[in-house]
Amino acid sequence: MNFEIIKEYMPLYIKAFMLTIRIGWMGIALSFVIGVISAFIMHFKIPIASKAVKVYIEIFRNTPLLVQLFFVYFGLPKIGIRISAEACGVIGLGLLGGSYMAESIRSGLGAVKVSQTEGALALGMTKGQLFRSVILPQAFTLSVPAVIANVIFLLKETSVFSAISLMDLMFTAKDLIGLYYNTTECLFMLVFFYIIMLLPVSVIGSIIEKKTGFKMFGE
Amino acid sequence: MEEILKINNLSKKFNDIVVLDNLSLSVKKGEVVVIVGPSGCGKSTFLRCINGLEDIDEGEVLLDGEKVSRNKKNLSKTRERIGMVFQSYDLFPHKNILQNITLAPIKVKKRKKADAEEEALKLLDRVGLLSKKDSYPRQLSGGQKQRVAIIRALIMHPEVLLLDEITAALDPEMVREVLDVVLSLAKEGRTMLIVTHEMAFARAVADRLIFLEGGKIVEEGSPAEFFDNPKTERLKSFLQTFSYE
Numbered sequence: 119m120n121f122e123i124i125k126e127y128m129p130l131y132i133k134a135f136m137l138t139i140r141i142g143w144m145g146i147a148l149s150f151v152i153g154v155i156s157a158f159i160m161h162f163k164i165p166i167a168s169k170a171v172k173v174y175i176e177i178f179r180n181t182p183l184l185v186q187l188f189f190v191y192f193g194l195p196k197i198g199i200r201i202s203a204e205a206c207g208v209i210g211l212g213l214l215g216g217s218y219m220a221e222s223i224r225s226g227l228g229a230v231k232v233s234q235t236e237g238a239l240a241l242g243m244t245k246g247q248l249f250r251s252v253i254l255p256q257a258f259t260l261s262v263p264a265v266i267a268n269v270i271f272l273l274k275e276t277s278v279f280s281a282i283s284l285m286d287l288m289f290t291a292k293d294l295i296g297l298y299y300n301t302t303e304c305l306f307m308l309v310f311f312y313i314i315m316l317l318p319v320s321v322i323g324s325i326i327e328k329k330t331g332f333k334m335f336g337e
Numbered sequence: 006m007e008e009i010l011k012i013n014n015l016s017k018k019f020n021d022i023v024v025l026d027n028l029s030l031s032v033k034k035g036e037v038v039v040i041v042g043p044s045g046c047g048k049s050t051f052l053r054c055i056n057g058l059e060d061i062d063e064g065e066v067l068l069d070g071e072k073v074s075r076n077k078k079n080l081s082k083t084r085e086r087i088g089m090v091f092q093s094y095d096l097f098p099h100k101n102i103l104q105n106i107t108l109a110p111i112k113v114k115k116r117k118k119a120d121a122e123e124e125a126l127k128l129l130d131r132v133g134l135l136s137k138k139d140s141y142p143r144q145l146s147g148g149q150k151q152r153v154a155i156i157r158a159l160i161m162h163p164e165v166l167l168l169d170e171i172t173a174a175l176d177p178e179m180v181r182e183v184l185d186v187v188l189s190l191a192k193e194g195r196t197m198l199i200v201t202h203e204m205a206f207a208r209a210v211a212d213r214l215i216f217l218e219g220g221k222i223v224e225e226g227s228p229a230e231f232f233d234n235p236k237t238e239r240l241k242s243f244l245q246t247f248s249y250e
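Chains as they are written, first to last, in this note's numbering: chain A, 119 to 337; chain B, 6 to 250.
Hints in this document: simulated from the structure, not taken from any laboratory.
Among the hints, erroneous ones may be present.
To spell it out: a stretch of chain B is covered by chain A in this simulated footprint if at least three of its residues, at any positions, have a beta carbon under 8 Å from a beta carbon of chain A; those stretches are [unchecked claim]:
hint: 1; region: 98-111
hint: 2; region: 157-166
Pair by pair, the computed Cβ-Cβ distance ranges are [unchecked claim]:
hint: 3; chain 1: B; residue 1: G147; chain 2: A; residue 2: I325; range: 29 to 37 Å
hint: 4; chain 1: B; residue 1: V23; chain 2: A; residue 2: R250; range: 36 to 44 Å
hint: 5; chain 1: B; residue 1: K114; chain 2: A; residue 2: I325; range: 33 to 41 Å
hint: 6; chain 1: A; residue 1: I325; chain 2: B; residue 2: G133; range: 30 to 38 Å
Since the model is a prediction, treat every value here as computed from it, not as a measurement.
For every residue, glycine included, the Cβ atom is placed at its ideal position computed from N, Cα and C.
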């Protein structure tokens, strides 16, 4: 392994790393918003909307991100909407992630015991008070592990962004290999940067899991 | 004594199965009525119908002369006045003991936090659990949880308290500590409707006993009549199952 090459490529990788993180986290933020809204719609069984949400989830969970990105990237201009490749990445990741987040959050809401609802209602709480003070905090705790798993999964999925010519980590590595054939160094740096990106999420994720789960487990 | 709770011709069906069949009952202020009967006789459903956790098909429930509305908005107002404690405690696992008790008074009754906490601490002290105020439900034994559940209902100052098999999930020693609390409430003159399988306790706490089967009141009487001189064959054979002589 030639460290001179690594040093030389470093700025390019750092740039790609920042782009990957930026688009990744923006996409995840969008997926969370979509997920929460979808989960609430399903939990409250809002007519029509909940059917639409189910269709959305099934479509996006059962197609690859690459295909979804192609639809957004090449499809939207066809109907007259022009957006940047970055925005495509964010929207694509947000839509895919939203379908996973929706299922995770909905199952958290559904996992709160019925007896909790009855206990709260018997104390004279209204449906709103019940939801805010009893259901939501418990559902949050119950959804945390699945939501964190989704975040990690989505960050890894950013590796297909290269297909819509976003200069992310994967794109940079492939490009450099194609140009200079320094395969070992390039792949090593690629693995290194993905680990740098994901390891903190795993660690912080398990800390959050412990903190939020601590009070409730052992019931 | 004045009548606080009156149930007129209550009927309830689950699909085609009749669970409560034209049931009527009147409870006076300060009276403790114990309902016993074989499982599936409708005891729990009866209590759940009174505070609107179950819809009723026919009949009416009157609380202090007013008809208990089935209207969603008023139902929560009614439930403030009718406390209920369940077999499974149903404490909120994400809140500590003090928060469990003060949540409803603060949110529902809009009481000041300090004021609600002061009363909660007094009540905790009364049932011997003051030291547990900062613990979480998972750290408590079943008997302790159930005592907390009782004071969580009490702090709402209910006019009637419904207790639904509150000791059915507890070890014998814990049963005692919970029932002692209920006995002290009975002495205080609280109006209670109790469903239980603890016959010795039922005899000690009840002003009146009701034997329910098939959604109907089969027999009704004072503890002495009920246990020592049951009139119906059905009650005799039911009581027999609790003795080993």
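We went through each hint and held it up to the structure:
no. : hint                           : verdict
1   : 98-111                         : holds (count 4)
2   : 157-166                        : holds (count 3)
3   : G147(B) to I325(A): 29 to 37 Å : 32 Å, holds
4   : V23(B) to R250(A): 36 to 44 Å  : 38 Å, holds
5   : K114(B) to I325(A): 33 to 41 Å : 38 Å, holds
6   : I325(A) to G133(B): 30 to 38 Å : 37 Å, holds
Hint compliance for this structure: every hint is met.
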